[in-house]
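Residue numbers (the numbering used here), protein chains in the order written: chain V, 1 to 342; chain X, 343 to 684; chain P, 685 to 1026; chain U, 1027 to 1368.
Hints were generated in silico from the structure; no laboratory data involved. Some hints could be false.
[Stated by the list, open to error] Think about it this way: if two alpha-carbon atoms lie no more than 25 Å apart in a straight line, the pair counts; the simulated BS3-like pairs of lysine-lysine are: (1) P/Lys-816 - P/Lys-935; (2) U/Lys-1252 - X/Lys-568; (3) U/Lys-1158 - U/Lys-1252; (4) P/Lys-1012 - U/Lys-1354; (5) P/Lys-816 - U/Lys-1252; (6) X/Lys-593 - V/Lys-226; (7) X/Lys-624 - X/Lys-593; (8) U/Lys-1158 - P/Lys-910; (9) V/Lys-304 - V/Lys-86; (10) P/Lys-935 - X/Lys-474.
[Claimed, not checked] Just the calculated beta-carbon pair ranges, DEER-fashion: (11) U/Asp-1280 - P/Tyr-696: 25 to 35 Å; (12) U/Pro-1074 - X/Glu-400: 23 to 33 Å; (13) U/Asp-1303 - V/Gln-182: 24 to 34 Å; (14) V/Phe-209 - X/Lys-670: 14 to 24 Å.
Keep in mind the model is a prediction, meaning the values are calculated, not measured. Beta carbons: idealized from backbone N, C-alpha and C, even for Gly.
4 protein chains.
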Amino acid sequence: MSIGVGVIGYGYWGPNIVRNFMETPGLAVRAISDLSEQRRGLAAMRCPGAKVTADYKELLKDSSIDAIVVATPVGSHYGLASEALKAGKHVLVEKPMTASVEQARRLVDEAASAKRVLMVDHTFVYTSAVRKIKELIAAGTLGELYYYDSVRVNLGLFQHDVNVIWDLAPHDASIVEYLIDQQVACVSCLAMSHVPNQPENVGYITMMFNSPIIVHLHVNWLAPVKIRQTLIGGSARMIVYDDMELSEKVKIYDRGVELASSTDRIHELRIGYRSGDMHAPKIELTEALHVEAAHFKECMEHGKTPITDGQAGLRVVQMLEAASHSIKHRGRLIDVATMQPT
Amino acid sequence: MSIGVGVIGYGYWGPNIVRNFMETPGLAVRAISDLSEQRRGLAAMRCPGAKVTADYKELLKDSSIDAIVVATPVGSHYGLASEALKAGKHVLVEKPMTASVEQARRLVDEAASAKRVLMVDHTFVYTSAVRKIKELIAAGTLGELYYYDSVRVNLGLFQHDVNVIWDLAPHDASIVEYLIDQQVACVSCLAMSHVPNQPENVGYITMMFNSPIIVHLHVNWLAPVKIRQTLIGGSARMIVYDDMELSEKVKIYDRGVELASSTDRIHELRIGYRSGDMHAPKIELTEALHVEAAHFKECMEHGKTPITDGQAGLRVVQMLEAASHSIKHRGRLIDVATMQPT
Amino acid sequence: MSIGVGVIGYGYWGPNIVRNFMETPGLAVRAISDLSEQRRGLAAMRCPGAKVTADYKELLKDSSIDAIVVATPVGSHYGLASEALKAGKHVLVEKPMTASVEQARRLVDEAASAKRVLMVDHTFVYTSAVRKIKELIAAGTLGELYYYDSVRVNLGLFQHDVNVIWDLAPHDASIVEYLIDQQVACVSCLAMSHVPNQPENVGYITMMFNSPIIVHLHVNWLAPVKIRQTLIGGSARMIVYDDMELSEKVKIYDRGVELASSTDRIHELRIGYRSGDMHAPKIELTEALHVEAAHFKECMEHGKTPITDGQAGLRVVQMLEAASHSIKHRGRLIDVATMQPT
Amino acid sequence: MSIGVGVIGYGYWGPNIVRNFMETPGLAVRAISDLSEQRRGLAAMRCPGAKVTADYKELLKDSSIDAIVVATPVGSHYGLASEALKAGKHVLVEKPMTASVEQARRLVDEAASAKRVLMVDHTFVYTSAVRKIKELIAAGTLGELYYYDSVRVNLGLFQHDVNVIWDLAPHDASIVEYLIDQQVACVSCLAMSHVPNQPENVGYITMMFNSPIIVHLHVNWLAPVKIRQTLIGGSARMIVYDDMELSEKVKIYDRGVELASSTDRIHELRIGYRSGDMHAPKIELTEALHVEAAHFKECMEHGKTPITDGQAGLRVVQMLEAASHSIKHRGRLIDVATMQPT
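Please model the entire structure based on the sequences and the hints provided.
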């Protein structure tokens, strides 16, 4: 017997969700809701087996539906996910999970009380490239982590409800959250709006940890070219992860610094360079949402905790909220625990 | 009659200076000084016509020498340049001009009193690529400037006396100083050292102006690959300037945002996208130092103010010193005028 | 009233045809046939409105079907297209149109007699990139054409029925046929098989014209990387057309040779170089098959001759057959008119 | 005691020879000759220790000169090298070694009689990249060799005395000669001139062996961009060698075809694909001429046979002469042994 799924929101991302859920054995998309008549028409055409409605409440009431996917603007995430949990459904929420840390905390609690799966659609965590990098870091291939630097820019759609930080940075924040086994300590962010009365369209976020790791994200809606390039530095090896590369998305460089202890004087510590081979492991071409759909199903069936569970969703929202506070404090480092300037 | 030149410092950069000055009609390299015997040997071999000495003071005393090039570590710039001015010589100083704003101010004053040319070796300002970009900005091709974003990273030599900010950022700071006709208002910087007892090897600098321009520099000595990529965004056009490209270093994108005024409601301002052609103007392959040497000569002969004069050098040092203060204040924006957190 | 379409063959390319025809207003996919039960299952799932059958003859008999698309292996093209014309249908055939020049000639005649549209699916001719290049050549932007050089290689699927020439070269042959307004005079081809009992997997084709244009194609199923790069040289300008580029697929270089007549001696003709700007015009992202479907419909409705009509299909088959003859004659140039070595 | 060297010809390549020979311990450049007064002035300035003369015969007579480098246009190679051998000198000749196979054979014989070292300046053979590829092939890393495909094109200087085949193809011919331990059996070449009364400026050469290896070279003086890309295919692995890459010049792909024997029917031989990792070994940045100069010295001192000896030079000239014959026979395969069409 298949697990019944209802999808709320059939805008930009919803169709990808629906298509992948339809092709996952054991999952059945039973209903789709959207406020737009045009989008509902599209959904009906492409997904003839599903009920299509303007009223998401029909999905919550439908007893053939076990799980709800929330694929709506971020402002409505908490309300819809919360209602779905109350209706006894498992929930998969688009990133970012909620619009505030407070909402995120509440949602995590509500899912725990309801004993339902709460999963966040941190899509990149399910790509073969990011999983390969996680594997390399976990195996110690990079040595001690030094930095994570990401550039995610393009001539992007202006959002009216959120700024570029809340639109693009969740991708990197979720990758950082997944790759680095440490809690972000504080966050700095400077951003700028170039269109009157519109949210910030370019932003720079820096994250600090209780260790010498430094994370930096550059997000920009007004760039002339699309760049998706991440540098990850470690004491033993370094990675260039370029998501625009068709093949060789992940390149591992056997390069780094070698410290030779000097017998005579401490300030004459010699620093040598290691400049060795480059290796690009084969990256499977599996679609991330396909892997993610199967994982969601497995978690629901076997009561497993998702890799991108509510806690992961909360940590990402913490980074974003700290960044928002930092913008208001003109770039000062914000302590993630207190949301106050350090 | 040629202008006699003496070069103090024959380390990494000195040989390039000497070679280009030798090939400039009207300039004659008469003497070279360096503390290292090995470097003096090299100088003597490659520049048989010049006197080679360990004592820079000989250059200052030599009446056949009209101009001194200071190509030594930054800590000695002010002292040597100051002495040279006092000895009645014109001076060209390596970047950054001095190790502090105070020194920079004094040097500018001393040059004015001595009525001698004080020029700073902001090499990139003399490249065909940067001059082409200046030309485009001056002609209004880019429209209103939005941002300047530079990534300057590689597996670089660790410096023991300066950090990565003072080593790599002067390049971008001097380009910014040249391209943008506005005074930097404040500077934020976060940086990290990953090698015990060594200066910071990765840093992020953000500069704000009294206008919506935002400048951001990423400098890194510990990157797996060499990147020299700058994005320059404007309201009318955008530029990708990639110094690692052999040809097409400067690409101009006819892309941007178009605002369509909406008759009904202000918050429904429509934002359209313009995505047009790309154009890569021919960039001459002339060596920057060659152009710079000729410009130095012309300034000395005709009493002209160099494009990269002491004021330009001062402005670059201001950016760097503000960045240093910001590091100490954990990334807070530092007012360049007061060097205090804003 | 829509034009009814029947599609014979739902293998690799058929689904793309069906999807684009379904989305073209005025066209209705009424039936699909395929010999494989598995492919029929897929067709039924994705195209619920169409009849799905194993017997293509049902499509020919169906009076609601006005046009037949033949998307089967090349060996069956002529037979199926011919039957369809006899049944009074318009026909769109996959490339290459037929397996021999003789078949191609007959098909062209049969379409003329039947007064039906015969169109060949030379897909690249309908891409924005190739249409832009045609426009540039037609406008004289390139000057006199010198050469067309294409590299089309990758780790491709081995075909058992055709060699790499008949599999990959039709793409370039159809582009050449479209761009160059001259009949190919003769063709040379050398090829090699590296897998026992299998067709040639690497091949080099050279085409000569009654003018100094030279065309060269490199096709390879066993390359480590995917390359789709074409150089087009003209007396005034040159083009690099790289189909793997996401943007800037077509780059126009203002480079070339300039002949300066010398007053003294003719053999001292001076050759100068012009090395100017590069320009990458905006290329629309429209899917080629979408444009092609609309064009097919227009030709049927208004009795127009398709851009890629039977004559174009014939010319491409002539190039391929001449190449096959050349392989047998160890690379000798084959006269396309006589199919004999020159 | 140093080996004395005389260099005949100080044009485009001569200065590189002189600079590298000067920096090789054990070699002393004693004299340079050139017909142009301007070039002699340059030589005198840059190489103050050497005698500079218009008359190469002075070099042959000079008893302090043990070896002669011939860096003149190809038409004079045989005559000068032959004279030098007669004068008892060792000889290093620019590529191609001579203008004909007959001259090449004679020169090899003369060097043998004179018991002097005859070496050809096949520079690429001394690059770290080509030596690494040789090492990989010799170690069996690539498996059985399938093909060698090179594209060497740019907006190059028109030569008046030789065509693009004799100008650019010697580079690839010498690499092929070095990498592949088999004699070329026959050569086909088609080429075209686009400038009246000038030699061919674009050419395609195919080489066949007594095995299924196929070699193909594309050389072009009139290309809009500079390309130096070679694909090398083997049964086990494949290489992309891109000389324009600053790092990662050699990429090894663990990709290929796997044949699975089928139990039932031979024509259903299954062909599987292996698509694995990519590996870019570190390539040293040593200048090829530096390695070559040291090798020349070692051969002279210890009576060793150079890697690029007269026989290697002869084999390259054979390929070029066969290509020239093929052009005259409109692309027919020319048997290298008989220089007749096959």
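Comparing the hints with the structure gives:
1. P/Lys-816 - P/Lys-935: 11 Å, holds
2. U/Lys-1252 - X/Lys-568: Holds - the C-alpha atoms of X/Lys-568 and U/Lys-1252 are around 21 Å apart, at most 25 Å.
3. U/Lys-1158 - U/Lys-1252: 23 Å, holds
4. P/Lys-1012 - U/Lys-1354: 21 Å, holds
5. P/Lys-816 - U/Lys-1252: 24 Å, holds
6. X/Lys-593 - V/Lys-226: 14 Å, holds
7. X/Lys-624 - X/Lys-593: With a Cα-Cα distance of about 10 Å, the restraint between X/Lys-624 and X/Lys-593 holds, given a limit of 25 Å.
8. U/Lys-1158 - P/Lys-910: Roughly 24 Å between the alpha carbons, so the hint for U/Lys-1158 and P/Lys-910 holds.
9. V/Lys-304 - V/Lys-86: Since the Cα atoms of V/Lys-304 and V/Lys-86 sit roughly 20 Å apart, the hinted pair holds (cutoff 25 Å).
10. P/Lys-935 - X/Lys-474: 21 Å, holds
11. U/Asp-1280 - P/Tyr-696: 25 to 35 Å: 26 Å, holds
12. U/Pro-1074 - X/Glu-400: 23 to 33 Å: For X/Glu-400 against U/Pro-1074, whose Cβ atoms are near 24 Å apart, the range 23 to 33 Å holds.
13. U/Asp-1303 - V/Gln-182: 24 to 34 Å: 30 Å, holds
14. V/Phe-209 - X/Lys-670: 14 to 24 Å: Given range 14 to 24 Å: holds, Cβ gap about 20 Å.
Comparing the model with each numbered hint stated earlier shows that all of them hold.
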